Amino acid sequence: MSQTQHLHMRGVRKSFRFFGLHDLDLELEPGQVMGLVGPNGAGKSTTLRLVMGMLAPDAGQIHLFGHPMPEAQAEAKQHAGFVSADMRLLPNATLGWHLRLLSSIYPDWDAAYASVLLKRFNLHPEQMARSLSLGEQTKAALLLALARRPRLLVLDEPTTGLDPVARHEVLAELMDVMRDDSRSILFSSHNTADVERISDRIAFLDRGRMVACDDAGRFIERWRRIEVQLEPGSALPELPHVVAHQVDGSFHVVTTDDFGPWHLELLGGSVRNVQRMSLEEIFVTSVMHHREARP
Amino acid sequence: MNATSGITRALALKEPYLNRWAMLACGTAAVLSAGLCAFGRVAFNVGAIGWLTAIIACGVMLAIYGVANERKEHSLQFVLSLPVSPRQYIRAKTIGMLLAFLPPWGAAMLAAVALVLLSPGVPDGMLPFVCVIGGFLLANFALVLCGALHARSEGLMVGVIIVTNMAVSIFMFVVGALPGIASHMTGPVPVWNDTVAGVLLAEAVVFVLALLLPQITAARRRDLL
Numbered sequence: 001m002s003q004t005q006h007l008h009m010r011g012v013r014k015s016f017r018f019f020g021l022h023d024l025d026l027e028l029e030p031g032q033v034m035g036l037v038g039p040n041g042a043g044k045s046t047t048l049r050l051v052m053g054m055l056a057p058d059a060g061q062i063h064l065f066g067h068p069m070p071e072a073q074a075e076a077k078q079h080a081g082f083v084s085a086d087m088r089l090l091p092n093a094t095l096g097w098h099l100r101l102l103s104s105i106y107p108d109w110d111a112a113y114a115s116v117l118l119k120r121f122n123l124h125p126e127q128m129a130r131s132l133s134l135g136e137q138t139k140a141a142l143l144l145a146l147a148r149r150p151r152l153l154v155l156d157e158p159t160t161g162l163d164p165v166a167r168h169e170v171l172a173e174l175m176d177v178m179r180d181d182s183r184s185i186l187f188s189s190h191n192t193a194d195v196e197r198i199s200d201r202i203a204f205l206d207r208g209r210m211v212a213c214d215d216a217g218r219f220i221e222r223w224r225r226i227e228v229q230l231e232p233g234s235a236l237p238e239l240p241h242v243v244a245h246q247v248d249g250s251f252h253v254v255t256t257d258d259f260g261p262w263h264l265e266l267l268g269g270s271v272r273n274v275q276r277m278s279l280e281e282i283f284v285t286s287v288m289h290h291r292e293a294r295p
Numbered sequence: 296m297n298a299t300s301g302i303t304r305a306l307a308l309k310e311p312y313l314n315r316w317a318m319l320a321c322g323t324a325a326v327l328s329a330g331l332c333a334f335g336r337v338a339f340n341v342g343a344i345g346w347l348t349a350i351i352a353c354g355v356m357l358a359i360y361g362v363a364n365e366r367k368e369h370s371l372q373f374v375l376s377l378p379v380s381p382r383q384y385i386r387a388k389t390i391g392m393l394l395a396f397l398p399p400w401g402a403a404m405l406a407a408v409a410l411v412l413l414s415p416g417v418p419d420g421m422l423p424f425v426c427v428i429g430g431f432l433l434a435n436f437a438l439v440l441c442g443a444l445h446a447r448s449e450g451l452m453v454g455v456i457i458v459t460n461m462a463v464s465i466f467m468f469v470v471g472a473l474p475g476i477a478s479h480m481t482g483p484v485p486v487w488n489d490t491v492a493g494v495l496l497a498e499a500v501v502f503v504l505a506l507l508l509p510q511i512t513a514a515r516r517r518d519l520l
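Note that the protein sequences, when read in sequence, are chains A and B. Read left to right, the first sequence gives residues 1 to 295 (this note's numbering). Read left to right, the second sequence gives residues 296 to 520 (this note's numbering).
In short, the hints are calculated from the structure, not lab data. What you are looking at is a predicted structure, and each value in this text was computed from that prediction instead of being measured. Please note that the accuracy of each hint is not assured.
To be verified - Which bits of chain A does chain B cover? Going by a derived footprint, with three or more residues having C-beta under 8 Å, they are:
1. 44-57
2. 252-258
Stated by the list, open to error - The calculated label-pair distances, taken between Cβ atoms and stated as ranges, are:
3. Leu412/B to Arg130/A: 36 to 46 Å
4. Ser104/A to Met467/B: 40 to 50 Å
5. Leu413/B to Ser104/A: 37 to 47 Å
6. Ser104/A to Ala320/B: 26 to 36 Å
Unchecked claim - Computed, partial: chain A to chain B, Cβ under 8 Å:
7. Phe82
8. Ala193
9. Thr285
For glycine and all other residues, C-beta sits at the position ideal for the given N, C-alpha and C.
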C-alpha cells in the first residue's frame with residue numbers, strides 16, 4: 001500500500017444472510033475517478049458502506065487515507081464526503097441548519113462554494129429537508145459533501161432519481177471537482193453512460209465478486225465483437241480470450257476481452273466485421289460470462 | 296475543544312433542535328394537566344392521567360423519532376457520513392436525547408411540585424410520591440432510550456415501549472401501596488423516609504445503568520447501519 005493512496009482494500013469479505021461480498025480488492029489513487037458498475041444486488045452499496053466504516057468487514061483490510069477502517073473512521077472521514085441515493089437529511093431541519101451544522105464540524109468548510117452550489121442547484125437554505133423532492137435531497141446531500149472540500153467523494157448511485165438536467169448539473173460538478181488532481185471519486189451507478197463519462201477506472205461487480213477492473217480506455221480498447229462467416233462444414237479455430245460466442249449456421253459472433261492481431265491472423269478472410277463495444281455491452285457480456293463460469 | 300468533543304457536542308445539540316416541537320407540546324401538555332388537577336377530584340384524576348401521558352409520550356416520541364426513525368428514514372447514513380465513530384454517535388445520541396427529554400420532564404415536575412405545595416385541595420404529603428413517580432418516569436425514559444439504541448427492528452422497539460408503559464401502572468400500584476409511602480400520602484406534611492429514599496436510589500441506579508449499557512454494548516457494534 002503506497003502512502004499516498006486514498007483507498008486500499010485487500011481481500012475484503014462481508015457476509016449477510018442472503019448475500020456475500022467475496023475477496024474484494026480495490027485501490028484508489030489521488031486524482032482517480034473509479035466507477036463501480038453492477039446489477040442490483042451486486043454489492044456496490046455494501047462496498048461503499050465498508051469504505052465509509054458504516055459496515056465492518058468480516059475479513060480483509062480496508063485503509064482510507066492510511067487509516068484502518070472501521071477502527072479509525074472518525075479520523076478518515078474528516079477527508080471523505082459520502083452521498084447515497086437513498087440517504088436523507090434530517091427531516092425536521094432546514095437546509096440552512098444543515099449548512100451551519102457541517103460548517104461547525106469541518107474546518108475546511110467552504111461557505112462561498114456552498115453558496116455557489118445553492119444557486120447552481122436551485123436550492124434554498126430556508127427549505128425544510130422533509131419538503132425536498134428526491135432529486136433535491138440528492139443535490140442537497142451532494143452540496144453538503146462538496147462544500148467540505150473532501151479529498152475523496154464516495155457516491156452511491158448519485159444520479160438515481162435525477163431528471164436529465166439535474167443529472168447533467170451533478171456530473172458537471174463532479175468533473176469540476178476532478179480539476180484538482182489531489183482529489184478522487186469512488187462512485188457506483190447502474191448508468192454506464194455516467195460511468196463512461198467521468199470515470200478513468202471502472203470495476204464491474206456481480207453477485208458480490210469483482211468481475212473486472214481496468215482503466216476505462218483499456219476496456220473500450222480491448223473488447224471487440226468479431227463477426228465471422230465460415231465456409232460450410234468448416235469449424236471455428238480455437239481463439240484466445242473469448243468471453244461469448246453465438247452461432248447462426250456458419251455465421252459466428254465472437255466477443256473477446258483482449259482483442260489483438262492474432263484474432264485476425266487465426267480467422268483469416270472469414271472475418272466480416274470487427275466492432276468496438278459500448279461500456280454497457282462490455283458490462284453485460286462480462287457479467288453473463290462471469291455467471292456462466294460460476295453458475 | 297478538540298475534534299472529538301466538537302462532533303459529539305454538535306450531534307448532541309442537534310437533538311433538542313430537531314425534537315423541539317415534541318418537547319414543547321409534551322411540556323405544555325404536562326404543565327396544563329398539572330394545573331387541571333387543582334380543580335376538584337374528577338379534574339385531579341383527568342389531570343394526573345394527562346400529566347403521566349404527556350411525559351410517557353415525550354419519551355416514546357423521542358425514542359421513535361430521534362433514534363428509530365433516523366435509521367428507518369435513512370438519515371442515519373447522513374449522520375454516519377460525518378467524522379464520527381460508533382462510540383461518539385451513541386454518546387452524542389444519549390446526551391442529545393437527555394437534553395431533549397429533561398426540559399419537558401423538568402417543567403412537568405415543577406408544575407406537579409407546585410400543584411402539591413400550592414393547591415389547598417392536594418395534601419402536601421403527596422410530594423414524596425410525586426417525586427418517586429417523576430424519578431420512575433426519568434428511569435423509564437432511560438430504559439426506552441436504551442432499548443431504542445439497541446433495537447434494530449420495529450417489532451423489538453414496539454415491544455420495549457409496551458413493556459415500559461405497562462411498568463408505569465405496575466410501579467404506581469406497587470410503590471403506592473408501600474406502607475412507608477401510602478400511610479403518609481394524605482398527610483399534611485411530606486415525609487421523606489427510608490422507603491422513599493430506597494425507591495429513589497433504585498430509580499437512580501436503573502437510570503444510570505440504562506444510560507451506561509449502550510455505551511458499552513451498542514457503541515461496540517461494528518455495523519451501525
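task = Could you tell me which of the numbered hints above are not met by this structure, giving the numbers in increasing order?
result = Violated hints: 2, 8 and 9; rest satisfied.
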